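A.B. asks: Below are the chains, spelled out letter by letter.
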Amino acid sequence: MRGLLGALILLLGSCLLPAPAQAAPVRIGSKQFTESVILGELALAGAREAGVQAVHRRELGGTRILWRALLDGEIDAYPEYTGTLTQELLQGLPANADIASLRARLKPLGIGITDSLGFSDTYAIGMRDEVAARLGIADISDLRRHPALRFGFSNEFMDRGDGWPGLRQRYGLPQTNVSGLDHALSYRAVASGAVDAIDLYSTDAEIPYYHLRTLRDDRQYFPRYEAVYLYRLALEQSAPAFVGALHKLAGSIDEDAMRAMNARVKLRGVKENVVVADFLGIHAHDQGGGVAAQLLQRSVEHLRLVAISLGLAILLAVPLGILAARRRRLGQWLIGLTGILQTVPSLAMFVFMIPLLGIGTWPAIAALFPYSLLPIVRNTHAGLVGIAPELRESAAALGLPPGVRLRRVELPLATRSILAGIKTAAVINVGTATLAALIGAGGYGQPILTGIRLDDVGLILQGAVPAAVLALLVQGLFELVERRLTPRGLRLEARQ
Amino acid sequence: MSTAEAAGGIAFALVQAGKRYGRLQALGQVSLAFAAGTTTALIGSSGSGKSTALRLLLGLEWPDHGHVEIDGRPLQRADVLPLRRRVGYVIQDGGLFPHLTALGNLALLPRYLGWSRERIRQRAEQLAALTHLPAGVLERYPAELSGGQRQRVALMRALMADPDALLLDEPLGALDPVVRHELQDELKQIFDQLGKTVIVVTHDLAEAAWFAERLVLLRQGAVLQDGTLQDLRERPADAFVSRFVAAQRRLPEAP
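Chains as they are written, first to last, in our numbering: chain A, 411 to 906; chain B, 12 to 266.
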C-alpha cells in the first residue's frame with residue numbers, strides 16, 4: 411500500500427500545477443461557433459492595438475455558459491446578439507427593444523453593452539434551393555402545406571423560447587419529424603438530404619456555398635440579432651482603454667464583411683486571427699508555435715486534468731471504499747451515490763461547475779473528479795469484501811488492532827482489485843477530459859471542438875488520436891504498476 | 012523448551028453461553044471450564060457447536076446469552092486484543108496470508124509488538140526446529156508450501172509471541188493421513204513440553220484421545236458428555252455417545 415501511495419505522489423508531482431494567473435489580463439470569451447470566435451479575436455486584436463493585455467478564451471460553449479461566466483466575473487467581455495438578450499437572458503423586454511433600453515436594463519447587473527457592430531445575424535430557416543423551388547416554398551408560411559418535411563435544428567434553437575417552440579406556434583407548423591443537431595453539422599445534413607430544413611444564421615458562410623434558400627420570415631417572428639459586445643462595467647475603471655477599443659469596433663462590420671470573414675475561416679480554413687488582422691489591416695499576432703509545440707501544450711493540459719482529478723479521486727475513493735466495506739449498509743448508500751454521480755451526463759457536469767467554480771482548469775478538474783470515484787470506490791469495496799473470511803479472522807485472531815490489519819493484511823490482499831479500479835477510472839478520465847475544452851481548460855478537446863465547428867476532420871483527429879494514444883498509454887502504465895505492486899505471493903497463488 | 016516457559020496458562024470458561032446464527036442455535040447455554048495448563052479436546056460432528064465455542068473464547072464472536080470468563084473474570088470487549096495476543100489460534104487450512112512469505116506471516120504480530128528483525132528470525136528458527144520445518148522454507152510463500160508445511164507454519168505463527176494458550180480448530184483436518192499422523196506426534200510433544208492451556212477441536216475421536224485426557228462431546232450445541240475416553244466407552248451418557256464412539260472404531264482388522 412505504501413508503494414501505491416508512492417506511485418500516486420509521483421503521479422501528482424509529475425504533473426505541473428496550473429501556472430499562477432499573471433497580472434490579470436482582460437479575459438474575452440466567445441461562444442462555440444465561428445462568428446463568435448472571430449468577434450472574440452477581433453476584440454482581442456482591438457485590445458492589443460490599444461495596448462491592453464488580453465486573452466481570448468475561445469469556444470467556451472453556449473449562451474448560458476458565457477452569460478453566467480460574465481455575471482460571475484470569470485470573463486470580462488464577449489460578443490452577444492440583441493435578440494438573445496431580449497428573448498433569452500433578460501425578461502420583460504419587447505423582442506425588438508433598442509440598445510438604449512438594453513443598456514438601461516444591463517446596468518444594474520454591472521454589464522455594459524456597445525452599439526451594434528454593424529450587422530444583424532438573425533435566425534432564419536434554410537432549405538436547399540432546388541427542393542424549395544420544387545415544392546414552391548418561399549416563405550416560412552409555405553411550410554404549413556408540407557407536413558412531412560423533416561427539420562433538423564440546433565439544440566439551442568430547439569430549446570430556447572425564441573426558437574422552434576415559438577416558431578411552430580406563430581406559424582402553426584404541423585411538422586413532427588424534428589431532430590436536434592449540432593449547428594456545425596446541420597449544413598451537411600441538409601446538403602445530403604438527411605433533413606429538409608435547418609435553422610441558420612443570416613451571416614453564415616455556408617448559405618451560398620451549399621446553395622441554400624433562406625425562407626422569408628413573413629410573420630416577423632424572429633427578432634433582430636444585432637451583434638454587440640457585452641462587458642463588465644468594472645472595466646471602465648480598471649481597463650478604460652479596452653472598453654474604448656470595444657466601442658470603437660461598433661458600426662465597423664457590415665453583413666457582407668461578416669459573411670466574408672466567416673467564409674474564409676470556415677470554408678477556406680484560414681485562422682481567425684489572420685482573418686481579423688486582414689480585416690483590421692494589421693499584422694496577425696502569432697498564435698503559439700507549430701504543431702509539435704501545440705501538441706505538447708495540449709498534452710500537458712490534458713495530463714494535468716487527468717492526473718489531478720484522478721489523484722484527488724484516489725485520495726477520497728479508497729477511504730470511501732474502505733468505509734463501504736466496513737459498514738455494509740452505509741456502503742450500499744455510498745456506492746449507489748457514486749453510481750448516481752456517474753449517470754450525470756458529463757457535458758452537464760461541466761456546465762454545472764461554471765456557476766460554482768467558474769471556467770478553466772479547476773472547474774474542469776472538479777467536473778472530472780466525480781467520474782473517477784465510482785470505479786475506485788466499488789473496486790476497493792469489492793477487493794476488501796472479497797477477502798476470504800478465514801483470512802480476515804486469522805488476522806483478527808492474531809490480536810492485531812483493526813488499523814494494522816487493514817494496512818498489513820486487508821489492503822495488500824485487495825491491491826489488485828483497487829488498482830484495476832484506478833485503471834478503469836484513468837482510462838475513462840482521459841476520454842471525458844476532452845470535454846474540458848468546453849469550459850476553457852484546453853487539452854485534446856480543443857482541436858476536436860474547433861474541428862467540429864470548422865467541419866475539419868484533420869483538426870478533429872489532432873485531438874482524437876492523441877487522446878486515444880494517451881488512453882492506451884495510461885492503460886499500459888497501470889498494467890505495469892499493477893505488476894509491480896501486486897504482492898508476489900498473490901501472483902503465485904493466482905497461477906495455481 | 013525450558014520449564015520457565017511451562018509456567019502460566021490461561022483459565023477459560025463458558026458460563027451459560029449461547030449463540031445463535033439466525034435460526035440456527037449453534038450453541039445453547041453451555042457451561043464449560045478449562046483450567047490453566049490443561050489440554051482438552053472438543054469433539055463432535057460438524058455443526059455440533061465446537062468451533063463456535065472456540066470462537067467465543069477468543070472474542071471472535073459474542074454470546075447472545077451468558078458470558079465468557081478469562082482467568083475468572085468476565086471477558087469485556089476492551090480486553091479482546093490483549094487476550095488474543097496471549098493465545099495462539101490455528102484453523103483447518105492454516106489461514107496463512109498469501110501475500111506474505113512464511114517468515115512474513117510469522118513476523119506480523121512480533122513486528123507490531125516492536126520486536127527486532129534479529130529477534131524475530133531467532134524465534135522463527137527456534138520454532139522451525141520444534142516443528143521440524145526444513146530450513147529455507149521460511150522464505151517461501153504459502154502457495155509454494157505443501158499442506159503439512161503450511162500447517163507447521165500456521166502453528167509457528169500461533170506460537171511466535173509465546174502465548175499462554177493454544178486454541179486449535181481442526182488443525183490437521185485438511186492433511187493426508189501420513190502427514191497427519193506425523194503432525195499428531197509433533198503436536199502432542201509440543202503440548203506436553205510447553206504446558207500451556209490447550210483446547211483442540213476435532214471430529215476424530217482417536218485424535219482427540221491422543222491429544223487429551225479430557226474429552227468433551229458436543230451435539231447440536233449442547234454438551235453430551237464430559238470425561239475420559241474410558242468414560243465415553245464404558246459409561247456413555249446416551250445412545251448417541253455410543254454411536255459416536257462405535258463409528259470411530261470402524262478400523263478393519265489386519266488379515
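Please note: incorrect hints may appear among the correct ones.
Which chain B residues face chain A? A few, computed with CB under 10 Å, are given here [claimed, not checked]:
no., residue
1, L92
2, G105
3, Y152
So the derived label-pair ranges between C-beta atoms look like this [to be verified]:
no., chain 1, residue 1, chain 2, residue 2, range
4, B, R31, A, E892, 20 to 28 Å
5, B, G125, A, R893, 29 to 37 Å
6, A, E892, B, R151, 18 to 26 Å
Just so you know, these hints were derived from the structure itself, not from any lab. Because the structure is a prediction, the values reported are computed rather than measured. In this text, a Cβ means the ideal position worked out from N, Cα and C, and glycines have one as well.
A.B. asks: So, for every hint listed, does it hold in this structure?
C.D. replies: Hints versus structure:
no., hint, verdict
1, L92, "holds (5 Å)"
2, G105, "holds (8 Å)"
3, Y152, "holds (4 Å)"
4, R31(B) - E892(A): 20 to 28 Å, "violated (43 Å)"
5, G125(B) - R893(A): 29 to 37 Å, "holds (33 Å)"
6, E892(A) - R151(B): 18 to 26 Å, "holds (23 Å)"
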